[in-house]
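Asks: Two chains, two separate frames, one set of hints: put the complex together.
Residues per chain, in single letters:
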Amino acid sequence: MFKTEVLVIGGGATGAGIARDLALRGAEVTLIEGSDFAFGASGRCHGMLHSGARYAVTDPISASECAIENKILKRIADFCIEDTGGFFIGLPNDDECYPDLFMSACRKAGVDAIEISVNEAFKEEPLLSENIVASIDVPDASIDPFMLVLGNIESARSAGSTALNYHLVRKFDVRESRIEKVYVENLRNGSIDEYRPEIVINATGAWANHIAALAGVSIDLTMDKGSMVVLGRRFTHRLINRLRKPSNGDIVVPNYSSSIIGTTSITVSSPTSTSVSEQEVDLLMREAAMMMPPINASRAIRAYAGIRPLVSRKGGDSREISRTFQLIDHSEKGIENLISVIGGKLTTYRLMAEKVSDIVCSRLGISASCRTSLEPLSIPYGEMHNKMIGRGSPTVEIQTHENNGELRRDEVVCSCEKIKRQEVEFWASHPDVRGLSDVMRRTRAGMGYCQSGLCVFNLLTMLIEYSDTDPLYLLTEYLKEREKGIKPVLLKGQIVEEIFKECLLNGVYHISDLAEALRNEENAEGRN
Amino acid sequence: MFFQSNIGNCIKCNACTMACPVVSIEGISVFSGPRNLCVDTARYGNAAAILPSDVYRCTTCWKCEELCPQSLPLAETILELRKSIFDFNVLSDGHKKIIENIDKYGRSIVPITQERKKYKVKKAPLLYFPGCISEMRITSIFDSTIRLLERSGVKFGIPDEWVCCGAPLEKLGDSERLEFLRDRNLDYFDGFEDIVTSCPGCATHFLKYYDKDPLHTIEIVWEMMRKRKLVFKSRKKGLRVALHHPCHLNRTIGPQIIDQAYDILQCVEGIEIIDLDKPDACCGGGGAVVAGFPELALKLATEKMLDALHHDVGLLLAPCPFCVLNLRRPGIGKVEDFATFIERNLACKKEGDKKK
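Residue numbers (our numbering), protein chains in the order written: chain A, 1 to 528; chain B, 1 to 356.
To be clear, the hints were calculated from the coordinates, so they are not data collected in a lab. Don't take every hint at face value.
Restricting the straight-line Cα-Cα distance to at most 30 Å, the calculated cross-link-like pairs of lysine-lysine (DSSO-like) are [what the hints assert, rightly or not]:
id : chain 1 : residue 1 : chain 2 : residue 2
1  : A       : LYS480    : B       : LYS212
2  : B       : LYS12     : A       : LYS487
3  : B       : LYS212    : B       : LYS118
4  : A       : LYS108    : A       : LYS355
5  : B       : LYS83     : B       : LYS233
6  : A       : LYS123    : B       : LYS208
7  : B       : LYS299    : B       : LYS212
8  : A       : LYS123    : B       : LYS118
9  : A       : LYS333    : A       : LYS355
10 : B       : LYS278    : B       : LYS117
11 : B       : LYS12     : A       : LYS492
12 : B       : LYS12     : A       : LYS484
Chain B on its own, in the form it takes in the complex (with noise of 0.2 Å):
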């Protein structure tokens, strides 16, 4: 029997299937919006009789449970939908594979094998998680990262041992695999007061299943600037940077992030900021569609990238390695991540800093 309690008050107004970036991409016959999965499967109590197909195209970005004038937990009832329909061996191959990667390598994707210097502290007052696509794929978020932590001047330290936060599990609906590795990480968090991590979704599983409450490098980025330790090149007036609004950044652990990274823009120089005429639309990184459903995740970036080519935008900025990686799908144009983006464009450390 599947029921969410709270799920029972639509009034079929419609937004959030008016809204949702896949029904617009796929269609309501391919893919049947928030409203008719959530709400209308909750009321047989048989979520065994839903497509997996149809429940594993969404790509989790909120942005119905944003808009629902009833305030129902349609994102949340989608993953307790797959939750429920994990048992029945629906996964496609490449959702498959993640689980295989997790229980092989400890990270949802296949490592890379590379020499690096060791960041093992057992205590200190930051910890920083990386997460699997800025460790292993995008390296530069995570090089970028500890530059800008070493330069903010606080202590830290990144355990060894860290495992997928298991955030891709719980796209998935696998809730065992997912305490597992949860308990296993909690264990390296003991010696550490906060957690700081690359990645939005990181950041919304910790605050959802281990109890803490993240930061996001921009915040860290934030306060440096507000110290006034970011010290910009200057340089010639002249690229049109827009920025993405990752939704698991936007709409899961908050959008005031979002204000601090433009805050954080308006003192970069020789920039001109864009606005995208959907800037929060979602890129298709999220929900583990790209594994599932690559061609839908391929399709929802060509949408976004075609915004920023329509504004003539230079380079695009997204805080997020999920984002990133899916945004350069497409090959249409240059998309960097926000932290690797405010660290290249830092003028050299004085000699004033280090000393501090």
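Same shape as in the complex, but just chain A (with noise of 0.2 Å):
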């Protein structure tokens, strides 16, 4: 039995920074994550800090909100942001009115835009398709969600919180409109803990009506599919944007050494549709090649999605329904203790966690105020920091190189994104880390143009040394889920890849048929 003052159900940026904000508050605060932190939207997002710019014209309050953030992030997470900047570019045939309409919005919602000559905009980014006819700075930059909650995670932690992963929630007691205890499975060994909080907060994104029916409430929620496919390469150093009003694939944003493009909208029913059809990619990177035509010569190498959970509105496209947030205080419908936090973008994730932890506190009786906009976030690697710095970004390949003679020497285990040993041992002994996907996130290692075709095996022995799960399954487990994301992109140049790796895995060192081998000797057991 646990006592704690304030459960978190949810390791997203939402839950990771709410855990964060309360514990500088100095409440007692447990989070825990059903999978791994940064596994539903978060990390399966954009990778972009919005200027708010993107929203200023359809969504003005999700705009200043976005612009502000925008701000507070570059400051207090520097490690894990890429100040690339962005530009917004109109196109021949895009409504002539939406460049003024846009500039007076972003002037309203207080975002940097400045407009800039087209001439300009070329000698800065070469690759822009020609035919562009507007186009307008913003500070748009580059984020890396992994790292973003695994910071507020770390912050959380010294701050004297505990967050635990790989924690499923699996019965409340509900007594007296309270929740009195809460059972959760511990996934590592099966083992199930039980609660007593205070307080619940349910920061769960799409599962937020999960979790809500297992206090006997709903929530009404939209669940709104957005697919993204990453290119193999980068083409420019800012985020282009299309300048119109927000559709399917408009944004290109460069992430380390690869190129995003988003985004779909879909409505969908189940937080686990995450699967993208070949027509999204093809719709994505068409809409995309208009503003940038190399693109449509280029390879793919992954496409994914998450799914954003929105505040319903009766009717009409999911694209209009506000991208802000919204809470929900359950007590009006039975349960005192029970807060939802639903809706709201990466971007304006920490003021998400200050509103929720403003009206947690004032219940706790708790009267320290908000520091989560001044302190600046922990470095998840922490001793590692001044080894990795930038971490693959170009700028800093030569200051590792040069300067850092005992890194360069260090083998490098995943060439594609070039991530070094020293990185994937700091991770693999990490005691929040439990499969292969857990180290890639952590890492980057294995996000590359082969897909973990030929890293998989360093990060596996690397892994095994820490783990007691066998090396098969964790690495059958871990192509598989890799699998899904390149299927829908096969025929956009990731096809012959796919081949060459068959031909090594199975057909070299027969992987399949030792899996099956391996199935077949459970079975076998599990007669006995």
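Replies: This is the structure in structure tokens:
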């Protein structure tokens, strides 16, 4: 039996942000996450730190929230942000009135948008389409969502709170309209822990309804799938946005060595419907190629989707639902100590956390005010930091190469993303890490254009030193997960790579035969 | 923004890195290899981030491109990378010397003054472009080629005012000077139909940048052999001869020229043709590596010469002045230019030939 003041359920940006905020104010917090941190929508987003410009016209509240948070995050989380800047570009057939509308909306929302000449835009980003008719410079940036979440987790921990991944909520004990006990299964060993929280916060994103149902309440939630395509290289230094009303395929985000095109908006019924169709890939690439023609001929290495939990509104297109967030206090519906938080964006996670924490603190009688915008996040790879400044970002390659002879000699284990052995070693031995996907989320090892085809064995050898799980199981589970994202882009240039990997994994190493033998063995044991 | 459009389809088979002669000598931690340099750097779009010492170690032997199952322009991308970082003033002293020489003398090397017969003609069917090394360093190549050309009966000329073709500048990434040299040379190339050169480097460069279809001396000699104009000295059997396949001859202007060289060697009397283990391995003489990383070039040349030594080769033939120059540096065995060897083994001219 564990006692805690606040139990935060959900280890995405929102949950981690709340845990950090409350911990900094001196509350006793426990965060539990059913899978890995940043497993849901946080880790499946664009990696875009909004300047607010994208929502300025259609969703002014979101826009001004983003504009403020953009500046704060650049200050407190600079280790996971590449301050690229962004362009909004207009194409000939786009609405002619939109740019003026856009500029005045940006001014109103406090977004620093500056109109620049088309020639200047070309000089900065030569791969843009020759047809562009307007270009506006905004302070968008590229952000590593995994590191952002882990940074919050790390801050929460160092402020004295507990954060556990692979701990799944199984049951609530509701007595006298209060959640008395929470039963949590530790997925690592199957044991059930009991928690007695004062307040429970439901920050589970697309799973919010699922958690609410355990307490016997429901939330009106629209699940909106956004699909993204990862291209194997960078085309621009900046983020490129289409200067029009938010629609499909109008953002290209440079992310380390790749570019991510987003996004679609399709209402789905389950938080796990994250498969992407070939049609979506086609659509996204076609739209993005209008802004940058070389995208047409370039190789897509993966597609993925995240589920946005949006506040429902009757009828209409899910694009028109505000991207701002909503706090639901369930005391009106009969559960006194449950608060759900849904909606919002990665960019505004800190603000959401602040609002939630304000309510929680007033209930707990804590008078401390929010400090999350003042203190920088802890860097999740702590003492490793100096050795890995910039991780794979090109400007830093020079420094690491020239100044840090030690690192230069250190073996590169993932050659697509240039991830060094030291870094993988650090995470492989970390208590949070359970499988290969966890290592990948934390290091980027395996995210490159071979999609773990070659580095998977490097990663596995390092991981099994710290893990009791059968290596073959770890390997096949991981590769299966990777395959899901590769299927929709096979015809976009990835197929040759996959055939080569097939020859390597199954022709040379016989992985699938071995996996089958393992299954048969297990079955035989089961019969005995 | 560095962008090569057709480099994105790497499947990471590693064929290029395994076959790279520089990787095998220096190790992957010193020279990261074609894939790392070309594919991965290009993905970040920031060529300035690569290390000059990395990208300037490539000898541009084109082996990686030859092997790549996806036909990626790897060697070409290395040259593009060099071009993109040229403005950062990253050249080593040896490299800077080349540019200095070209600015000063119009040659990539310091010329030696020499009294020579002039072959100045404004118009002729054939232009002989000796290249910097044959003209000023290994002058025997120049002399032999002149004699061979005279013997072939083709009318030829050498424009007096020619300058370095620009190939060394291409290897350094200096695209501005390169255009200047090209325009200057092209002015003098007008009156000639064909170009023949002793140097595969020049030939490759003419093909790529001058929009010409140049010949190598071997092709002229082969034509002579076909017309039965080659009569060789009779000599006792015994000389063991091996042919080195210069990279820029073998992989860029045409492997058929190597076949022609073997055809010609078959006709030379009294020699035994030996096959090396790796006849097409790079000697280290290309890509401006000799100027930038002399030790690396020496190591590569030594490997090649040890290969020849292993087969007890008495004379190694190299149809490229740069290869001859570099292969002679270890001082292990005898190395000669192909044209020089052929010319020296020809029987004295018959009276009949002269009248023709």
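Asks: Just pull the numbers of the violated hints for me, sorted ascending.
Replies: 1, 5, 7, 8 and 10
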